[in-house]
Amino acid sequence: MKIVTCCKVVPNEEEIKVLPSRELSMEGASYKISQYDLNALESGKQLAAATAGTMTALSIGQTAVLESSKIRKDILSRGADDLSLVIDDGHAFSDSLETAKTIAEALKAIGDYDVVLCGMGSNDLYSQEVGVQVGTLLGLPTLNNVTAITASGDSVLTVERTLENEVETLEVTLPAVLSVSSEINVPAVPSMREIMKAGKKPVNELSITADITPSTEMTEQLAPEQQERRQEIIEGDNEEAVAALISFLKKEGF
Amino acid sequence: MAISSIFVVSDSTDVLTELCAGARSLANRVTAVVFSDEAGANALAGCGADSLFFCPTADAAPEDYASAIADEVKKESSAIVIVYNSIRGRQIAGKIGVYLDTAVLSSINEAEAADDKLFFRRVVYGGTAQRKEYFTKPYGVVTVGSGIFECNATGQTAASISPLTAAPQAGVKLVSRNEKTEGTVNLVAAKRIVDVGRGLAAEEDLAMCRSLAEALGGEVGCSRPVAENNKWMPKSSYLGITGVQVKPELLIALGVSGQVQHIGGINKSKVIVAINKDKAAPIFKNADFGLVGDMYKIVPALIEKL
Chain A
1 MKIVTCCKVV PNEEEIKVLP SRELSMEGAS YKISQYDLNA LESGKQLAAA TAGTMTALSI
61 GQTAVLESSK IRKDILSRGA DDLSLVIDDG HAFSDSLETA KTIAEALKAI GDYDVVLCGM
121 GSNDLYSQEV GVQVGTLLGL PTLNNVTAIT ASGDSVLTVE RTLENEVETL EVTLPAVLSV
181 SSEINVPAVP SMREIMKAGK KPVNELSITA DITPSTEMTE QLAPEQQERR QEIIEGDNEE
241 AVAALISFLK KEGF
Chain B
255 MAISSIFVVS DSTDVLTELC AGARSLANRV TAVVFSDEAG ANALAGCGAD SLFFCPTADA
315 APEDYASAIA DEVKKESSAI VIVYNSIRGR QIAGKIGVYL DTAVLSSINE AEAADDKLFF
375 RRVVYGGTAQ RKEYFTKPYG VVTVGSGIFE CNATGQTAAS ISPLTAAPQA GVKLVSRNEK
435 TEGTVNLVAA KRIVDVGRGL AAEEDLAMCR SLAEALGGEV GCSRPVAENN KWMPKSSYLG
495 ITGVQVKPEL LIALGVSGQV QHIGGINKSK VIVAINKDKA APIFKNADFG LVGDMYKIVP
555 ALIEKL
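The listed protein sequences derive, respectively, from chains A and B.
Residue 72 in the working numbering sits at position 72 of the first sequence, and the numbers go up by one each step.
Just remember that the working numbering sits 254 ahead of the position in the second sequence, which is counted from 1.
Bear in mind the hints are in silico, worked out from the structure with no lab data behind them.
Be aware that a few hints might be false.
Stated by the list, open to error - Straight-line alpha carbon distances no greater than 25 Å define the calculated PhoX-like cross-link-like pairs of lysine-lysine that follow:
| # | chain 1 | residue 1 | chain 2 | residue 2 |
| --- | --- | --- | --- | --- |
| 1 | B | Lys427 | A | Lys2 |
| 2 | A | Lys250 | B | Lys551 |
| 3 | A | Lys251 | B | Lys427 |
| 4 | A | Lys250 | B | Lys559 |
| 5 | B | Lys485 | A | Lys251 |
| 6 | B | Lys539 | A | Lys251 |
| 7 | A | Lys250 | B | Lys445 |
| 8 | A | Lys250 | B | Lys427 |
| 9 | A | Lys17 | B | Lys445 |
| 10 | A | Lys250 | B | Lys531 |
| 11 | B | Lys551 | A | Lys251 |
| 12 | B | Lys485 | A | Lys45 |
| 13 | B | Lys485 | A | Lys17 |
| 14 | A | Lys17 | B | Lys551 |
| 15 | A | Lys197 | A | Lys32 |
| 16 | A | Lys250 | B | Lys539 |
| 17 | A | Lys251 | B | Lys524 |
As the list claims (entries may be wrong) - Listing some non-contacts, in silico: residues in chain B with all C-beta distances to chain A over 10 Å:
| # | residue |
| --- | --- |
| 18 | Gly294 |
| 19 | Glu458 |
| 20 | Ala461 |
| 21 | Ser490 |
| 22 | Lys533 |
Beta carbons are placed, not taken as given, at the ideal position from N, Cα and C, and that holds for glycine.
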């Protein structure tokens, strides 16, 4: 099977600085593969291995994010045979449809694929909608929160989809777009050999010409106001410390 | 200030009244879409919508109604679609968005009408910031969980109740449905929560945390690694921006370090107590009361005295 796995490169949220104005500064923040996309890459790697197939990784974003050879190598060390990039400084990719339309166009450029995999949501915006919107735009079968994938022949996958109170087992005819849950696997840490090989794998830049307009406009982005907490901190785990905790709870009416 | 039309789409009847009440405070006309047969829809007539569409699910999945819902929305010159933020809901929302050529703003935590528009807030960058946005197209789709809108029953009864027709998704065949075996707890409604982090040494020590929750009359939640890496607790019980967001009266964090992502799920708690061996753990900056010490000594002593 030919698999395309979408992965987003995002700023490391622990390194984003909050300015005194409560605005954010990305300056100095490193970039990483969005955490849940690691699950998608791992699923793609496993499915490619099970079906003697191949995996193309696909990422879209701005130059500042995708030019890093370190990030490219990181993506390619996780089972992909090659990497396709859409580098576009004209879009902020800040809404789900804008991102989904760009991915759909990139998939048309890639042309030949059986399965498109997405993670459950990105670390930065966490819409959890891009995979569903890509599948719907392309008129392909699409499912979210997939928790198991097995190939049943060349053109059918049996997938498990876990909802709040039930687990569905479904047969999906390919090509299809699936968003996998973070429960589906534990992403493997790339081996030294995989990291060495990653630098030699092909990277293709795709050019997309479609006219894609955003659906939303942002008017404000601010860090939440720091909730005032009393921070009465006591060091110790002896009887006295526990007694202090009990009296705090009593005082608060618990 | 209000917009003209909001559609409420919910695959859970529990939150329908709440979502309709929220929609009513933002729009002049509220249309609800429910997933049931006609009898079920009649029973929901008082949910607070002006009109009601029902989608029978005996032979179709709720997702299969996305295009029919979008067709009804398109009869309005502009509208916002509010979809309940369940897993199915998110798939329905994404599809409706494509059919209406618009994006989905997910898990919004505030909606406000001004200048004939709705402005939405949602958390971005794992809890680091709140983003305020509006739709620049005639239609917009948002997903919203429970607990965001005030649940004021409006007393409005639907003037019309009519069915929609499903368009089953080609290429997807349901083989079987099984009830999930793992229990689910309603942490959103819990008044007291014991929040367990990676400081817990072994799965069997959860018994101690459960005893504490029991002594307090509360529930047990956890941080993401406890559910996802250790798989000691169901995924539905992890607290955080990408998990459950809670607002209990009391939350006791045991061995929780306090990453941004996790704090985003617990910072609406009225009182936060933290117990952690690491004096430098960020959780203490977010706590009203903290003990720097061994939870294995403190918790049993605490249970005894409660």
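Evaluation of the provided hints:
| no. | hint | in the structure |
| --- | --- | --- |
| 1 | Lys427(B) with Lys2(A) | holds, 22 Å |
| 2 | Lys250(A) with Lys551(B) | holds, 20 Å |
| 3 | Lys251(A) with Lys427(B) | violated, 58 Å |
| 4 | Lys250(A) with Lys559(B) | holds, 11 Å |
| 5 | Lys485(B) with Lys251(A) | violated, 36 Å |
| 6 | Lys539(B) with Lys251(A) | holds, 21 Å |
| 7 | Lys250(A) with Lys445(B) | holds, 16 Å |
| 8 | Lys250(A) with Lys427(B) | violated, 56 Å |
| 9 | Lys17(A) with Lys445(B) | violated, 33 Å |
| 10 | Lys250(A) with Lys531(B) | holds, 24 Å |
| 11 | Lys551(B) with Lys251(A) | holds, 23 Å |
| 12 | Lys485(B) with Lys45(A) | holds, 23 Å |
| 13 | Lys485(B) with Lys17(A) | violated, 32 Å |
| 14 | Lys17(A) with Lys551(B) | violated, 37 Å |
| 15 | Lys197(A) with Lys32(A) | holds, 19 Å |
| 16 | Lys250(A) with Lys539(B) | holds, 22 Å |
| 17 | Lys251(A) with Lys524(B) | holds, 14 Å |
| 18 | Gly294 | holds, 18 Å |
| 19 | Glu458 | holds, 21 Å |
| 20 | Ala461 | holds, 19 Å |
| 21 | Ser490 | violated, 7 Å |
| 22 | Lys533 | violated, 7 Å |
When each numbered hint is compared with the structure, violations occur for hints 3, 5, 8, 9, 13, 14, 21, 22.
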